[in-house]
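There are 2 protein chains.
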Amino acid sequence: MADVATKRELSSAETEAASREAKRAKVDDKNGEEGGDEAEWENVLSTFTASRVLSDSAREKIMFLHGKIADDDAVVVLEKTPIREDSLAELFRGSKLRLEMKNDIYSSYRLQAPPHLNEIKTTVVCPATEKHVKKYQRQESFLVEETGEDYRAVTLPYVQEQSLSLQWVYNILEKKAEADRIVYDDPDPELGFVLLPDLKWDQKQVDDLYLIAIARQKDIKSLRDLSSEHLPLLQNIFQKGKEAVLQRYKLPASKLRVYLHYQPSYYHLHVHFTKLGYDAPGCGVERAHLLSDVIQNLQSDPQFYRSRTLYFPLRADDGLLGRFKEAGRL
Amino acid sequence: MADVATKRELSSAETEAASREAKRAKVDDKNGEEGGDEAEWENVLSTFTASRVLSDSAREKIMFLHGKIADDDAVVVLEKTPIREDSLAELFRGSKLRLEMKNDIYSSYRLQAPPHLNEIKTTVVCPATEKHVKKYQRQESFLVEETGEDYRAVTLPYVQEQSLSLQWVYNILEKKAEADRIVYDDPDPELGFVLLPDLKWDQKQVDDLYLIAIARQKDIKSLRDLSSEHLPLLQNIFQKGKEAVLQRYKLPASKLRVYLHYQPSYYHLHVHFTKLGYDAPGCGVERAHLLSDVIQNLQSDPQFYRSRTLYFPLRADDGLLGRFKEAGRL
Numbered sequence: 010m011a012d013v014a015t016k017r018e019l020s021s022a023e024t025e026a027a028s029r030e031a032k033r034a035k036v037d038d039k040n041g042e043e044g045g046d047e048a049e050w051e052n053v054l055s056t057f058t059a060s061r062v063l064s065d066s067a068r069e070k071i072m073f074l075h076g077k078i079a080d081d082d083a084v085v086v087l088e089k090t091p092i093r094e095d096s097l098a099e100l101f102r103g104s105k106l107r108l109e110m111k112n113d114i115y116s117s118y119r120l121q122a123p124p125h126l127n128e129i130k131t132t133v134v135c136p137a138t139e140k141h142v143k144k145y146q147r148q149e150s151f152l153v154e155e156t157g158e159d160y161r162a163v164t165l166p167y168v169q170e171q172s173l174s175l176q177w178v179y180n181i182l183e184k185k186a187e188a189d190r191i192v193y194d195d196p197d198p199e200l201g202f203v204l205l206p207d208l209k210w211d212q213k214q215v216d217d218l219y220l221i222a223i224a225r226q227k228d229i230k231s232l233r234d235l236s237s238e239h240l241p242l243l244q245n246i247f248q249k250g251k252e253a254v255l256q257r258y259k260l261p262a263s264k265l266r267v268y269l270h271y272q273p274s275y276y277h278l279h280v281h282f283t284k285l286g287y288d289a290p291g292c293g294v295e296r297a298h299l300l301s302d303v304i305q306n307l308q309s310d311p312q313f314y315r316s317r318t319l320y321f322p323l324r325a326d327d328g329l330l331g332r333f334k335e336a337g338r339l
Numbered sequence: 010m011a012d013v014a015t016k017r018e019l020s021s022a023e024t025e026a027a028s029r030e031a032k033r034a035k036v037d038d039k040n041g042e043e044g045g046d047e048a049e050w051e052n053v054l055s056t057f058t059a060s061r062v063l064s065d066s067a068r069e070k071i072m073f074l075h076g077k078i079a080d081d082d083a084v085v086v087l088e089k090t091p092i093r094e095d096s097l098a099e100l101f102r103g104s105k106l107r108l109e110m111k112n113d114i115y116s117s118y119r120l121q122a123p124p125h126l127n128e129i130k131t132t133v134v135c136p137a138t139e140k141h142v143k144k145y146q147r148q149e150s151f152l153v154e155e156t157g158e159d160y161r162a163v164t165l166p167y168v169q170e171q172s173l174s175l176q177w178v179y180n181i182l183e184k185k186a187e188a189d190r191i192v193y194d195d196p197d198p199e200l201g202f203v204l205l206p207d208l209k210w211d212q213k214q215v216d217d218l219y220l221i222a223i224a225r226q227k228d229i230k231s232l233r234d235l236s237s238e239h240l241p242l243l244q245n246i247f248q249k250g251k252e253a254v255l256q257r258y259k260l261p262a263s264k265l266r267v268y269l270h271y272q273p274s275y276y277h278l279h280v281h282f283t284k285l286g287y288d289a290p291g292c293g294v295e296r297a298h299l300l301s302d303v304i305q306n307l308q309s310d311p312q313f314y315r316s317r318t319l320y321f322p323l324r325a326d327d328g329l330l331g332r333f334k335e336a337g338r339l
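These protein sequence lines map, in sequence, to chains A and B. The first sequence begins at 10 in the working numbering and counts up by one. The second sequence begins at 10 in the working numbering and counts up by one.
Everything labelled a hint here was simulated from the structure, so no lab data went into it. It is possible that part of the hints are untrue.
No copy is singled out in the list; a pair is fine if it fits within one copy or between any two copies.
Unchecked claim - Computed list of lysine-lysine pairs in DSS-like fashion (alpha-carbon distance at most 27 Å, straight line):
1. Lys140 / Lys334
2. Lys140 / Lys227
3. Lys251 / Lys334
4. Lys259 / Lys230
5. Lys249 / Lys130
6. Lys144 / Lys230
7. Lys249 / Lys105
8. Lys105 / Lys251
9. Lys230 / Lys143
Please read all numbers here as calculations on a predicted model, not as lab measurements.
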């Protein structure tokens, strides 16, 4: 699926913005819960000029676009929202259907729903850097074999050179941003963490529950930095994270998949909590490490993740892959 | 993940079945984008009473419902449509957005689109039989924690009681069946194995390559039976399996995910080879164990898989789940 990566060009003339006023006039949402104050609605995308599709998935109903908002590069992610059981009755009452096909007991229709019952989750990164654009561009992946020595000789120097900003992580930890999204906060500087919904989750249903626990300790870059001294931190995140999910979302631990990524997408320790049965991106065996396994491994060998050979996929355009090639390790 | 895969298969099978002889009945749609003649619109669902969700997928934005239309049983499948590149310009012009979150360069919105740009594909089976209903019914899964002792006290006795026939496996090993499908055969009774395409793979393209290596040794039920004495066998399967895939399909080892399942679906040692980047059912971290990790684990601890606590999902209707409940382990 990697290579379908298209260089399809959009006509920029076609994506010229229309006037904001015209769109405001179309606002006709009377639903109290969903509609709210008219003034809260805006259309930042009316000034967005898409230049190309970075990648998309017909199965997941998602599309990643690259373009401009005013003079800034922007990445826009559109993703249809899951179908919600709690709005089905309203959906059936308020929609219209057009028959497409009828054959024996089977028939199919196109259903047009009231807009507030059928939203599209839209994420904007602006101004976006070349790295953001690359991140969303469809790319082939290669499985890399990293010994402990490769980590110290190849990966760690690369990660340190990149030194990507973690400001957004610190904003969360210091409650300078997203404070209203926090599900659980343990303020202990050593064992503490902040649990909040991943941006991929719209929080409308628990079926695709996706939370991130961000450790308060700032010096743990990834799985590779963990040793047995971090066991109390890991056990605290595991235990209190599960309790917080049970309390807030009524999901017991037996319905959760709790894991770390290696390589992670940012080098500040964080743990993924997703619902078992939800086929979350990045939960595959080639990238995910169950927190319960991480804990067991560190219990039996305090230096497990410093000496162990680890395997992970890297995209063709990942600078780290180039370093592994240069080092003759691929 | 297995659940989702099943649904996907059913979904496309359904679509195929429904469209197979549909040409005669195809309703000519001349003016779809604009909404067309109001008279063509109807709302068969306004009379649909949903009684329960049979299954759904938040990732795929699909939901299967069981209910009644008048006095008839009906199954209704709702699936959001993929995002279309050719309607983006109109989507951006005609939609409204509400800001949900802003943090540094990242922001997220809820987008409400004009209904004709954001349809829901709706398939109705009516009257539906009990078979249709069962076909779409999802089974919930639960994550089970199995210590080495649990394995011996709960799992092993259950597996032995079931004693499901492995005749089909022996037929393959003895070339009494599927001989023409064999990709590679190592006849050594201790180290040997047969490599052949999994039934899920249609072999039409390598994008979703899926092969199974079946060990010739008959007494290894699963991961739990492995000890360091099996390292030569595992290394042989790993090495020769990768070579055979390279030779036949031109896919190098860096494009492969090679793993075992625990629990497996049958208790005769076998190894899965799937293409990296193909989201194969059962490749999630909660069920898959990379063969390279299995080898490393046995190298550092000969009894690793006999003593280790293992985690795996079981469906609600799995007899083994009942045994874990009876044993007070869930």
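Legend entry - Homo-oligomer pair classification [Lys130, Lys249; C-alpha up to 27 Å]: neither (29 Å within a copy, 41 Å between copies)
Legend entry - Same-copy or cross-copy closeness of Lys230 to Lys143 [CA-CA at most 27 Å]: Intra 22 Å, inter 44 Å, cutoff 27 Å: intra-copy only.
Inset, instruction - Classify it for me, Lys144 with Lys230: is the Cα-Cα distance of at most 27 Å met within a copy, between copies, both or neither? - result: within (20 Å within a copy, 42 Å between copies)
Legend entry - Intra/inter-copy verdict for Lys105 and Lys251 if alpha-carbon distance must be at most 27 Å: Result: close neither inside a copy nor across copies, 42 Å intra and 37 Å inter.
Legend entry - Alpha-carbon proximity context of Lys249 and Lys105, limit 27 Å: neither (46 Å within a copy, 39 Å between copies)
Inset, instruction - Pop the pair Lys140 and Lys227 into one bin, within, between, both or neither, using alpha-carbon distances up to 27 Å. - result: within (23 Å within a copy, 51 Å between copies)
Legend entry - Up to 27 Å CA-CA - Lys334 versus Lys251, copy category: between (40 Å within a copy, 20 Å between copies)
Inset, instruction - State whether the alpha carbon distance between Lys259 and Lys230 is at most 27 Å within one copy, between copies, both, or neither. - result: neither (31 Å within a copy, 36 Å between copies)
Inset, instruction - Go through the copies and call it for Lys140 and Lys334: within, between, both or neither, with a Cα cutoff of 27 Å. - result: Result: close within a single copy only, 20 Å intra versus 49 Å inter.
In this structure, the hints that do not hold are numbers 4, 5, 7, 8, in rising order.
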